[in-house]
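Just so you know, the protein sequences line up as chains A and B, in that order. The opening position of the first sequence corresponds to residue 1 in the numbering used here, with each subsequent residue numbered one higher. The opening position of the second sequence corresponds to residue 1 in the numbering used here, with each subsequent residue numbered one higher.
These are computed hints drawn from the structure, not numbers from a lab. Be aware that a few hints might be false.
As the list claims (entries may be wrong) - In silico EDC-like cross-links for lysine to aspartate or glutamate, where the CA-CA straight-line distance does not exceed 20 angstroms:
(1) 52/A - 206/B
(2) 22/B - 265/A
(3) 518/B - 485/B
(4) 473/B - 390/B
(5) 52/A - 603/B
(6) 306/A - 178/B
(7) 423/B - 412/B
(8) 52/A - 300/A
(9) 304/A - 13/B
(10) 294/B - 183/B
(11) 304/A - 10/B
(12) 129/B - 178/B
These figures come from a predicted structure and were not determined experimentally.
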Amino acid sequence: MPLMNDNVNRRGLDAFDWCFLGVIMAIISAGILSIYSVTNPQTTAGFPIYLKQATWMVVGFLAFLVAVGIDYHKLARLSYLLYGIGLILLIIVLIAGKTSRGSQRWIPLGPFAVQPSEFIKIPLLLMLAAYYGASTREGWVRRLIIPGLIVLPGFLLILKQPDLGSSLGFLAIFLVVILTVGMKSKAFGFVILAALMLFPFAWGGVWGSLHEYQQDRILSFVDPNSDPGGKGYHGLQSRIAIGSGQLLGKGLYGGTQTQFKFLPEGHTDFVFAVFAEEWGFIGSMVLLSLYILLFLMGLEIAFKAKDIVGTLLAVGVVTMIAFGVVVNIAMTSGLAPVVGIPLPLMSYGGSAMVVNLTALGLLLNVKRRRLSLL
Amino acid sequence: MLDTSRQANELADIQNRLIFVKIGFLMLLVLLGLRLWQLQVRDGFHYQELARDNRTRSIVLEPARGLLYDRNGELLANNIPSFQLYVSLEDIQDREALLAQLPHYVDIDQQEISNKLSMKSRRGRVKIKADITLKEAALIESHRLELPGVVIQPEYQRHYPLNNYASHVLGYVGEISESQLKDPEFSNLQGGRIIGQNGVERTFDEYLLGETGEEVIEVDALGYPKRSLSVRRPLAGDDLYLTLDIRLQRLAEDLLGQEAGAIVALNPWNGDILALASKPGFNPNDVSGGISAKDWQRFIKDTRHPLTNRAIQGQYPPGSVFKIIMAAALLETQTLGAQEMIPCHGTFPFGRRVFRDWKAGGHGQVDLTKAIAESCDVYFYKAGNQLGIDPIATYARLFGLGEKTGIALPSERSGLVPSSEWKKRVKREPWYPGETISISIGQGFLTVTPIQMAKVASIVATNGRVVQPRLLKASRLRRTGTLKEKPEPPFRQLAISPQTFAHIKKGLAAVVTKGTAKLAQSEIVSIAGKTGTAQVVALKPDGDKGKNKELQKEFRDHAWFVAFAPVEHPKIAVAVLVEHMGHGGSASAPLAKTLIEAYMGFETIQEPSL
Numbered sequence: 001m002p003l004m005n006d007n008v009n010r011r012g013l014d015a016f017d018w019c020f021l022g023v024i025m026a027i028i029s030a031g032i033l034s035i036y037s038v039t040n041p042q043t044t045a046g047f048p049i050y051l052k053q054a055t056w057m058v059v060g061f062l063a064f065l066v067a068v069g070i071d072y073h074k075l076a077r078l079s080y081l082l083y084g085i086g087l088i089l090l091i092i093v094l095i096a097g098k099t100s101r102g103s104q105r106w107i108p109l110g111p112f113a114v115q116p117s118e119f120i121k122i123p124l125l126l127m128l129a130a131y132y133g134a135s136t137r138e139g140w141v142r143r144l145i146i147p148g149l150i151v152l153p154g155f156l157l158i159l160k161q162p163d164l165g166s167s168l169g170f171l172a173i174f175l176v177v178i179l180t181v182g183m184k185s186k187a188f189g190f191v192i193l194a195a196l197m198l199f200p201f202a203w204g205g206v207w208g209s210l211h212e213y214q215q216d217r218i219l220s221f222v223d224p225n226s227d228p229g230g231k232g233y234h235g236l237q238s239r240i241a242i243g244s245g246q247l248l249g250k251g252l253y254g255g256t257q258t259q260f261k262f263l264p265e266g267h268t269d270f271v272f273a274v275f276a277e278e279w280g281f282i283g284s285m286v287l288l289s290l291y292i293l294l295f296l297m298g299l300e301i302a303f304k305a306k307d308i309v310g311t312l313l314a315v316g317v318v319t320m321i322a323f324g325v326v327v328n329i330a331m332t333s334g335l336a337p338v339v340g341i342p343l344p345l346m347s348y349g350g351s352a353m354v355v356n357l358t359a360l361g362l363l364l365n366v367k368r369r370r371l372s373l374l
Numbered sequence: 001m002l003d004t005s006r007q008a009n010e011l012a013d014i015q016n017r018l019i020f021v022k023i024g025f026l027m028l029l030v031l032l033g034l035r036l037w038q039l040q041v042r043d044g045f046h047y048q049e050l051a052r053d054n055r056t057r058s059i060v061l062e063p064a065r066g067l068l069y070d071r072n073g074e075l076l077a078n079n080i081p082s083f084q085l086y087v088s089l090e091d092i093q094d095r096e097a098l099l100a101q102l103p104h105y106v107d108i109d110q111q112e113i114s115n116k117l118s119m120k121s122r123r124g125r126v127k128i129k130a131d132i133t134l135k136e137a138a139l140i141e142s143h144r145l146e147l148p149g150v151v152i153q154p155e156y157q158r159h160y161p162l163n164n165y166a167s168h169v170l171g172y173v174g175e176i177s178e179s180q181l182k183d184p185e186f187s188n189l190q191g192g193r194i195i196g197q198n199g200v201e202r203t204f205d206e207y208l209l210g211e212t213g214e215e216v217i218e219v220d221a222l223g224y225p226k227r228s229l230s231v232r233r234p235l236a237g238d239d240l241y242l243t244l245d246i247r248l249q250r251l252a253e254d255l256l257g258q259e260a261g262a263i264v265a266l267n268p269w270n271g272d273i274l275a276l277a278s279k280p281g282f283n284p285n286d287v288s289g290g291i292s293a294k295d296w297q298r299f300i301k302d303t304r305h306p307l308t309n310r311a312i313q314g315q316y317p318p319g320s321v322f323k324i325i326m327a328a329a330l331l332e333t334q335t336l337g338a339q340e341m342i343p344c345h346g347t348f349p350f351g352r353r354v355f356r357d358w359k360a361g362g363h364g365q366v367d368l369t370k371a372i373a374e375s376c377d378v379y380f381y382k383a384g385n386q387l388g389i390d391p392i393a394t395y396a397r398l399f400g401l402g403e404k405t406g407i408a409l410p411s412e413r414s415g416l417v418p419s420s421e422w423k424k425r426v427k428r429e430p431w432y433p434g435e436t437i438s439i440s441i442g443q444g445f446l447t448v449t450p451i452q453m454a455k456v457a458s459i460v461a462t463n464g465r466v467v468q469p470r471l472l473k474a475s476r477l478r479r480t481g482t483l484k485e486k487p488e489p490p491f492r493q494l495a496i497s498p499q500t501f502a503h504i505k506k507g508l509a510a511v512v513t514k515g516t517a518k519l520a521q522s523e524i525v526s527i528a529g530k531t532g533t534a535q536v537v538a539l540k541p542d543g544d545k546g547k548n549k550e551l552q553k554e555f556r557d558h559a560w561f562v563a564f565a566p567v568e569h570p571k572i573a574v575a576v577l578v579e580h581m582g583h584g585g586s587a588s589a590p591l592a593k594t595l596i597e598a599y600m601g602f603e604t605i606q607e608p609s610l
């Protein structure tokens, strides 16, 4: 152990770390501001929601510190066990979970409700990194089939809740990690990469060609409550909210779409629309830039990591967050169907906040241990 | 080290491939940026107009509240259609004009409208007035061009066909208040909902409430609906069958008449509350239809307290009714035998004080039966002095005094059973033995509620079976139409011997046949009971109680009568309390007798069935 610790960067935070933390804080603050705007004057029971989110941020940063502190190799060794626990929790959710808005996603825990489909993402990231980092996995079976079979039960259990968004996120992490590891057939790899990249847009195209009643059927099949008003009401209101923000936005509290409740779920899935309505194109661009900066820093960490475990862990974390950002904004801006994916670090939700900050902690963990030699 | 170098090669491979991931994500994010440019900059003006003219409105559809019935299926509360006046916040064009105009057409003052509008309920529509008249509705409809944003919506209004009867049990409904909205108990409810505010309407609200629906409509420039875009139907609440027998309830309230008081009748075996009357009452229809602030103040300030449910909230000294519990304590602790004779000369000197019997000259030689039948005070003074306060308190608690019965009604009070520990804790004084002597005849710090006394009668009637009084007999799920009987509540058996109960019952029967409640003697059913007189003004221990009649009414004592019948196989337990009517034997006992006789009559005519 002392040997390992000697390899750790002990100089405290450098400029990169500060910048990394600053970007995260800025995004979370934008989220809390938007949640405040949607829910503040509302008479809600007990603690205001924006303060709850701030509390979750604090809890999340504690998890972040833990995730930075423990050597990721040690965590990677524990990952199979953690993943197993995650699967058991998902089974418990299916049997005894709390049903809300038509899907069973939560395990009530005193005054809170935890969402295991969020928490299992951490073991997934660690496990994939550990699996491919342990030794060279030659051949189709070891490269694709075995890890695929390990990931599949988690994917199916989340899909069954039903939580289409999270299960797609699960799949996306898996696919991007495989692509990074490299497939024997490069062509195959590019097909999947292209498919993944184009997924939201392709869906939009295919989707548009379907009859309305066919769309309704498919949507109500995968997520019965995605659009209770039917007929694209929520999607339309969200587009109106974003569009009417125009260049400069309507300012805090100025969003009529938000304040008059045309926009559904303003503090959760549609928080981006709230932000875009109030802060306009300029605000949206600043926000997008912050996310891009975060991803570039994450990929930088992956690029400079000292070993395969570190690289793959970093790629996984970036994919997890990027997937959420891309699909959520595509969804709120009408490029993808409303599937119910929260915007990472901005949408209200304790489980997601803690999980995302833990994952970002792992990212910094990889960076701070890269100076050690092989 | 071959392995290490191969790992290093592989690592380099993998890291070189990261460029594709980077390009992939960047392309996607740039695409999103373009999309946002398209929506916000290129088409921004178009969406701005759409937002300004957003003509879709989401309306909450109120479900029909569950109906209330008595045990025989008699309707106690239903819903009738009525007009509700709403203002749709998005559609108000000139707030001041609206405030000035509306009072011309509807009976409401400007301040009240302005208060409602400033309530921070963020729903698009705010209810301004419930249950407006047809004339008001017509007036508003004809002026709708001048009143953009004003909407009249037909909705259900709670209605209580029996008016004042059973008002305290049923309670009333009202719009959820600002403070309730902040209470976690109501966290799943939105502003504007009508919820139970008192009585069973409150306690069984979760069954009665139902689930709201939602309709998305498109409106014209004045906020009037043009077409419906989508509807989710509301789900009506469950219908409830109470344990009340409304015939008995009516009779109980009529018997009390203009007097203030309470009557509770129970089925002693399963705790079914057959009647729970409290007078004076109120008409829940007056309160539920959105009572004006002025009327509400008048209600609350009424010195006769019509909103107080005396049956569960009135705390009175039990007076001589407490001798039932004293008798149980004496026999069970073997302080006195049932046959043991005690001489009574009408006074009990204690220290420097003299406690008097209600009967000047005394009762002569008294055993337990006679002491109960004639309500001999001296017997219980002596016995209580021997027992001491703490055993008395223990037995009082065994019979459920000093704690809530747990009936499903809000704001039940627990009464008070004093003990030496209580006095030290609350009054910071030691217990004086003289106080025990007052407690022995149910005076002093001791207070009870009428429902607790009905429970005491039930326990004696059933030889020690303790059941929680219940109000809900069955419920019918509106969704499925199935009637579900509530299972009989569990009971507990008191560790008091059957012999003790036999001795007490013998005494209670003698109360009616030859004791203080001969007025309760019935030709058709055998009744056992105990009279009591609860002092309102503490008289000195040696003060003259005989002057009661000359006192002003509000200083007169309260009259108790607690009974069960038939003596052999009890079917009903009753507690009657009439405020300021003096002696239980003359004021309360006849009421109990009439009630019991009526109930026996119902029993022979028909078995209640649902």
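Q. Among the hints numbered above, which are violated by the structure, and what are their numbers in rising order?
A. Violated: hints 1, 2, 3, 4, 5, 6, 7, 8, 10.
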